[in-house]
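Given next are the chains, with one letter for each unit.
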Amino acid sequence: MMQLVKKKNSVIYMLLSFLIFLFLWELSLTIFDVSKTVIIRPTVIIQTLVSEYDIILEEMLYTAKEVLLGWGIGNAVGILTAISVYRNEEFSKKLLNLFVLVNAVPLIALSAILGGILGTGLEQKVLIVSLVVFFPTFLTALSQLKNTSRDSLDLFLTYAAKERAIFKYLRFPSSIPAILNCIKVSVITAMFTAITAEFFGGHGGIGIFILSKKGLYNLPMVWASIFCIAIFGTIFYFSVELLQRKLVTWQKS
Amino acid sequence: MENTKAIVVKNLEATFTDNGECLKVLEDINFELSKGSFTSIIGPSGCGKSTLFRLLSGLPMRDACEVDGNIRVMGRSPEVASREREIGLILQRPTLLEWRDVHHNISLPLEIMGYPKEKQDKKVKKFLKLLDLEKYAKYRPSELSGGMQQKVSIGRALAYDPDILLMDEPFGALDEINRKKMNDEIIRVWQETKKTILFITHSIDEAVYLSQRVIVLSKKPSTIHKIVKIKLPYPRNREQNSSEYFKYIKEVRQYLNDATC
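So the sequences go chain by chain: C and V.
Under this note's numbering, the residue at position 159 of the first sequence is numbered 159, and the numbers go up by one with no gaps.
Under this note's numbering, the residue at position 233 of the second sequence is numbered 233, and the numbers go up by one with no gaps.
What the hints contain is simulated information worked out from the structure, not anything from laboratory work.
Beta carbons: idealized from backbone N, C-alpha and C, even for Gly.
Among the hints, a few may not be true.
[Stated by the list, open to error] Pairs of lysine-lysine, DSSO-like flavour, derived with a Cα cap of 30 Å:
#1 V:LYS135 <-> C:LYS246
#2 C:LYS246 <-> V:LYS5
#3 V:LYS135 <-> C:LYS168
#4 C:LYS168 <-> V:LYS220
#5 C:LYS168 <-> V:LYS125
#6 C:LYS162 <-> V:LYS125
#7 V:LYS180 <-> V:LYS250
#8 V:LYS10 <-> V:LYS226
#9 C:LYS168 <-> V:LYS5
#10 C:LYS168 <-> V:LYS180
#11 V:LYS231 <-> V:LYS247
#12 C:LYS168 <-> V:LYS247
#13 V:LYS250 <-> V:LYS231
#14 C:LYS162 <-> V:LYS250
#15 V:LYS5 <-> V:LYS231
#16 V:LYS138 <-> C:LYS246
[To be verified] Computed beta-carbon distance windows for the label pairs:
#17 C:ILE113 <-> V:GLY172: 56 to 62 Å
#18 C:ILE235 <-> V:SER145: 29 to 35 Å
#19 C:ILE235 <-> V:GLN92: 23 to 29 Å
#20 V:PRO116 <-> C:ALA109: 55 to 61 Å
#21 V:GLN92 <-> C:TYR13: 42 to 48 Å
#22 C:LEU98 <-> V:VAL80: 48 to 54 Å
#23 V:ALA173 <-> C:LEU22: 32 to 38 Å
#24 V:SER145 <-> C:LEU24: 46 to 52 Å
#25 C:SER10 <-> V:ALA173: 46 to 52 Å
#26 V:GLY114 <-> C:SER239: 34 to 40 Å
#27 C:ASN181 <-> V:GLY172: 41 to 47 Å
#28 V:GLU118 <-> C:ASN181: 35 to 41 Å
#29 C:LEU98 <-> V:GLY114: 26 to 32 Å
[What the hints assert, rightly or not] Take a look, some chain C residues computed to stay more than 10 Å from chain V by CB distance:
#30 LYS36
#31 GLU89
#32 LEU95
#33 SER149
#34 ASP151
#35 LEU157
#36 TYR159
#37 ALA161
#38 PRO173
#39 GLY215
#40 SER239
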């Protein structure tokens, strides 16, 4: 109960401090009489956001689709791959080296190549996002599944537990907190990657939208889009955190 | 004769690799534990108590060079005895599953062993009662004190009814008061369940207070320096100025000093 109250308070504080930030922004621009075309005022941004919300939202939803699909696929494949290789010491080591190599290349740079193969549509963005998301989740899941406490393993041996039971009762549940943390952080990575990939070309989405509005010097629209991204990202992130709280009830962090 | 013995160790010798070299850790270890007895093993730290513990519990040995001699646990090799669920381990850390409450930590081995649900619940209830943990059945380990957590781990070891309880410094991490409380607790458990208990400790007081026999190990390579029979009736009393109790303490301390130097 206390936890819930605290949580509510922290959301209120967050909103409040954001409002104060906007207010100071507006105030300082007015006081120092900065030209309206150089830095846009928050009131203008919010006005644009309200009046043009249907256009912005449509583009945002397209990007959201890329993010959600890529994020979901990347994480799922990461966890499943880790589960299927963690028992094979040799193979998982080799796989790990390969992935380190692949990951050393900024995957976003591959979007040009992938664009040639897959086109620049939704599939390509989903693929890039899931590739970027995959690696940290795979790595976390693999190390968690492998580094189970030795004492616990000893105990399970005296219960004559088979690897299946060890996985079900020990390895997997003890890996959940770290994996969920990783999944949560990957929300931000996924957003960032999807939008950056759109900058490299595509058929729709908020990234493309921002580029075209910037070209037209419609800065209020650019800002409104950025606000929209921030709102979506925050909601997405906190939903995952909520899920984490619901699933991991034994750790108070 | 053989079937009154829970554990028989004959001419045990073990060497371990240390930086590529084979190092002798245990040498010429011979002892027997009768069924239902309470024995402590005491020795200087790093003398191979934990190695002996792992060998007796049939756990895989890391870095073992060579293990010679014969260990029988309930007439079988430790590995087989462990597979037959004759051995209950209680480690220094309670090693509970933090996502399970007390009830489900105790039922864990039963679930793995495929006991039907009703039987699980019945057994868990029995041991919750024995250990006076009924009120805490729904608590998570993180909500319990160290002593209580260790109690849960004792309940978990008892749940599948092994014949032998092997304890590796189970109360080493507890403060003095809790340790004494747990000492009384374990004597009560022993008397009610009639398990064979082998208790590894580095506390002389604990060894004398708890056990019928104290095995004093010497420094590396460890051999049995002395086996002291503690002929005091239970329940024992530390507080009372019992000269006999302190005589045993002194005796064991003397042997331990001899063994270390």
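Now the hints, each set against the structure:
1. V:LYS135 <-> C:LYS246: Between LYS135 of chain V and LYS246 of chain C the Cα gap is close to 25 Å, so the pair holds against 30 Å.
2. C:LYS246 <-> V:LYS5: violated (51 Å)
3. V:LYS135 <-> C:LYS168: holds (28 Å)
4. C:LYS168 <-> V:LYS220: This hinted pair is violated, its Cα atoms lying about 40 Å apart.
5. C:LYS168 <-> V:LYS125: holds (24 Å)
6. C:LYS162 <-> V:LYS125: holds (26 Å)
7. V:LYS180 <-> V:LYS250: With a Cα-Cα distance of about 19 Å, the restraint between LYS180 of chain V and LYS250 of chain V holds, given a limit of 30 Å.
8. V:LYS10 <-> V:LYS226: holds (16 Å)
9. C:LYS168 <-> V:LYS5: Roughly 36 Å between the alpha carbons, so the hint for LYS168 of chain C and LYS5 of chain V is violated.
10. C:LYS168 <-> V:LYS180: violated (37 Å)
11. V:LYS231 <-> V:LYS247: holds (11 Å)
12. C:LYS168 <-> V:LYS247: violated (52 Å)
13. V:LYS250 <-> V:LYS231: holds (15 Å)
14. C:LYS162 <-> V:LYS250: Violated. LYS162 of chain C to LYS250 of chain V sits at ~47 Å, over the 30 Å cutoff.
15. V:LYS5 <-> V:LYS231: The given pair, whose Cα atoms are some 20 Å apart, holds under the 30 Å limit.
16. V:LYS138 <-> C:LYS246: Holds. LYS138 of chain V to LYS246 of chain C sits at ~18 Å (cutoff 30 Å).
17. C:ILE113 <-> V:GLY172: 56 to 62 Å: The hint (56 to 62 Å, Cβ to Cβ) holds, given that ILE113 of chain C and GLY172 of chain V are roughly 59 Å apart.
18. C:ILE235 <-> V:SER145: 29 to 35 Å: Violated: the Cβ-Cβ distance is about 41 Å, outside 29 to 35 Å.
19. C:ILE235 <-> V:GLN92: 23 to 29 Å: Violated, since ILE235 of chain C and GLN92 of chain V (Cβ atoms, about 46 Å apart) do not stay within the stated range.
20. V:PRO116 <-> C:ALA109: 55 to 61 Å: With Cβ atoms ~58 Å apart, the hint holds.
21. V:GLN92 <-> C:TYR13: 42 to 48 Å: Holds: the Cβ-Cβ distance is about 43 Å, inside 42 to 48 Å.
22. C:LEU98 <-> V:VAL80: 48 to 54 Å: Check failed, 42 Å falls outside 48 to 54 Å.
23. V:ALA173 <-> C:LEU22: 32 to 38 Å: Distance hint for ALA173 of chain V, LEU22 of chain C is violated at roughly 53 Å.
24. V:SER145 <-> C:LEU24: 46 to 52 Å: At roughly 49 Å between Cβ atoms, LEU24 of chain C and SER145 of chain V fall inside 46 to 52 Å, so the hint holds.
25. C:SER10 <-> V:ALA173: 46 to 52 Å: 35 Å Cβ-Cβ, so the 46 to 52 Å window is violated.
26. V:GLY114 <-> C:SER239: 34 to 40 Å: The hinted range 34 to 40 Å holds for GLY114 of chain V and SER239 of chain C, with Cβ atoms some 38 Å apart.
27. C:ASN181 <-> V:GLY172: 41 to 47 Å: Because 32 Å falls outside the window, the suggested range is violated.
28. V:GLU118 <-> C:ASN181: 35 to 41 Å: holds (38 Å)
29. C:LEU98 <-> V:GLY114: 26 to 32 Å: At roughly 40 Å between Cβ atoms, GLY114 of chain V and LEU98 of chain C fall outside 26 to 32 Å, so the hint is violated.
30. LYS36: With a cut-off of 10 Å, LYS36 of chain C remains clear of chain V, as the shortest Cβ separation is near 56 Å.
31. GLU89: holds (15 Å)
32. LEU95: holds (25 Å)
33. SER149: Nearest chain V Cβ is 7 Å from SER149 of chain C, so the label is violated.
34. ASP151: violated (4 Å)
35. LEU157: violated (6 Å)
36. TYR159: For TYR159 of chain C, whose nearest Cβ neighbour in chain V is about 4 Å away, the distance does not exceed 10 Å, so it is violated.
37. ALA161: Its Cβ does come within 10 Å of chain V, the nearest being 5 Å, so this is violated.
38. PRO173: Given a closest Cβ separation of 5 Å, the condition is violated.
39. GLY215: Holds, because the least Cβ-Cβ distance between GLY215 of chain C and chain V comes to about 53 Å, which exceeds 10 Å.
40. SER239: holds (22 Å)
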